[in-house]
Amino acid sequence: MPPADDFDEAIRLSLDSYNDEKREREDYERDLKRVKLDSQQMLRRGGAHAHDHDSVIDSSHDDAHTAHNLRITQPITFKASPYSFHPPFLSPPIRFDLWTDACVQCSSTRSRIEITNILTNYFRILIRSDVDSLLPSLWLFSHQLGPPYEPNELGIGGHVLNRSLKDVTSISPSKLRQLHHKLGDIGDVAFEATRNRISVIEPKPLTVDAVYSTFLSISQQKGPRSQETKTNLVKKLLVSAKGEQARYLFRSLVQNLRIGAVRTTLSTALARAFAMHYHVSIEESEMAEVVEATGKRARDGEHTRRVEEKLTGAEKVVRRVYARHPNYNTLVKALRESGLDGLEDSVPVSVGTPVQPMLGAITRSFDDVLTRLRHRPFTSEAKLDGQRCQLHARVLSASDTLSEEYVCKGWKSSPFDRIGEQCMVWIRLFSRRLEDMTEKYPDICLSVLEMFKTNPSITSFVVDAEIAAVDDTGRVRPFQELANRSRKAVQMDDVHVKVAVYAFDCMLYNGEPLLDKSFRERRQTLRTNLAPFTFGNCARWDHVPSTDDTHLDAITAFFHQCMSMKAEGIMVKLLDYYEEAEGDYGGDHDADEDTKKKSPSKQKALPATYEPDKRADSWLKVKKDYIAEIGDSMDLVPIGAWHGMGRKNKFWSPILLAVYDDDEGAFTAVCKCMSGFSDAFYDSLNRVYAEDGPNTSSTPFAGVQVGDLNPDIHFNPFQVWECRGADITQSPVYPAAKGMVGEKGLSIRFPRFIRCREDKHVEQANTASDLARMYQLQAE
DNA sequence: CAAGTTGCCTC
DNA sequence: CTCGGAG
DNA sequence: CTCCGAGGAGGCAACTTG
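Just so we're aligned: 459 in this note's numbering is position 459 of the first sequence, and the numbers increase by one with no gaps anywhere.
One should not assume that every hint holds.
[What the hints assert, rightly or not] When the alpha-carbon atoms are kept at most 20 angstroms apart in a straight line, the in silico EDC-like pairs for lysine to aspartate or glutamate are as follows:
id : residue 1 : residue 2
1  : K738      : E664
2  : K672      : E722
3  : K453      : D417
4  : K672      : D712
5  : K166      : E228
6  : K517      : D345
Simulated from the structure, these hints should not be mistaken for laboratory data.
A quick note: this is a predicted structure, and the numbers were derived from the prediction, not measured.
The whole structure should be built from the sequences, with the hints applied where relevant.
Written out as structure tokens, the structure is:
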């Protein structure tokens, strides 16, 4: 029991907040009623739909109706180059319409430079006026509410958004569906449905921070009736947002802003904004020298050049730091406190924060591999078909003082004795997109614990690995089996799909970051300190199979060996930093004759360091299905399609494809395809399969079996398309070859269009039995 | 309480 | 994961 | 060469609905 006056104070406070909430709710309900009334009147006048769709996208800016209502400040043009833009001071809190303006302006151009400028200048205004709104803005731009390894999903989609639109604007669901088809973007629907809303009393303008907070609140709703609560929160926002604000609010809610800027551009803009803020000033004395040497006229150009140089430098630093520690919370905090100086040290690679994984560049032939890495020492590793995993582990001793929060987020072992001291091991596993998947793999956590127990010299590590499903004899199983694992709160007893860890890189060992070491050194650290082992119920710890032989026959032999162990292909990795001297052809390769002619004597210097988030040329990905001679293609028949969304909203996309079932003379759906088509081909499809032409229908053509799929339009099956895929999968939805291999149908992984086979008739397409045979073949 | 739907994540 | 478009 | 955004199959988890 608290003392009396504290108690009174507590009562008073809770009453206050109760009254606040009540008032807020009443405000909201009044606004909602008014808005509904407005939109009903508008509908009666036919206002919302009088505009044809071509005018919808582009009219936003010059349309007098949209701009004035929720805006008090004059529109600001952000796109000027940072050195000619002077950020105005706006009184905090920064309003949502400013954020929306930035989105609108980004969407109005395709120039990457302009988009970067717009975001840079937007950030500069915030740094100057309301730096607390910087992080919320960043999160909204980045389609996230926080770092990816923390749980903060919105958990809403088209359903909640459509219901909110229906409730707030009173437009019928069928009308909304129609708009959605026509516009191909839920945000554009929200724009259309709210653009002409006229309110007698303006609702209070939204602030960036309020929108972000509401998003957070949406993400935290859980349990029964949570969808309803979420809908109400969205409605509350929608009442105060119309036109462009509603458009970007909704796009934000489906995490698809389409402003031509995501991660890289955001980091760049952030860097440039802070660089401008902190040290844009080029010393006058510096410039005086320029004037003396080259005259007054050259001064401005030179000044600009020097500023640009500083900005580019800042960009590099921030992008590098972000790739190694991808968390805007930490990054922005450091930038606010000490700017760009010492950023690398204040935001370091750390155990517990995943680094962006390094990626491999696609390579389409072995010759290509040799051309790029010729004469350089490299290794080839099996590219197993599993799941990428970044393991973070460190020992916690009694003397460690760690925040409760930090420890709770990882897997914590029970105490054990080590060099006469009680300690525990703390572990976290991250996926390729940096999601926390520690709970999915308790068996791997046990393996890691075992390593710490048996090797007392280990104190911490960060390791890159592939997790694959394995059978009892240790052979790798297909990806589909790995996918059957449960994901949440898995106990050791619940593990039904055995896995093994195939480590291939080590980014940190015993507190020392190794990213800037060569791959050979990193691999050595991995091999000598974290050796393969099998123990009890632990997942087997292994190193990925590899060969260092760089001869063409050795690589191809290794590739085929990898194929036989069901790998997707190989990863070829440079081992050491290597700078080729001018004209140095070095040793000799068997298969070099062609490539030698093509490539000049000078080759680009390549680093063998760990380059987070870069599709660096020092890692080359070679997969079976990239190589035309090895991968197999199929001839399929287009039987239907959907209305494309976004950029493809004037095209048919995706397109439903079928195999020919020779037994029944039928076409059965096997997969959808949306990749590999050029815009020109899409255009031709609009003619061949015109909506009201002879080759389309709203019901399936005779002999076409679509299963439970429901395409917007059905095609007359008369064409044959060559398509490629990585492999065949068992399918719970597609009817193709159903019953020929187990209960399920079959489908195709990573389907893409290659070309139209004008020379083939539909009877010559691949058949259901072809498909079944191919499936058997790949499963041995 | 079981079945169906959708979100979000892997590749 | 795939691909094409565009700067 | 780099960045973006169209969207593919599939499977678990969590919610709503019957």
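Among all the numbered hints in the text so far, which are the ones the structure does not match? Nothing - there is no hint that the structure violates, so all of them hold.
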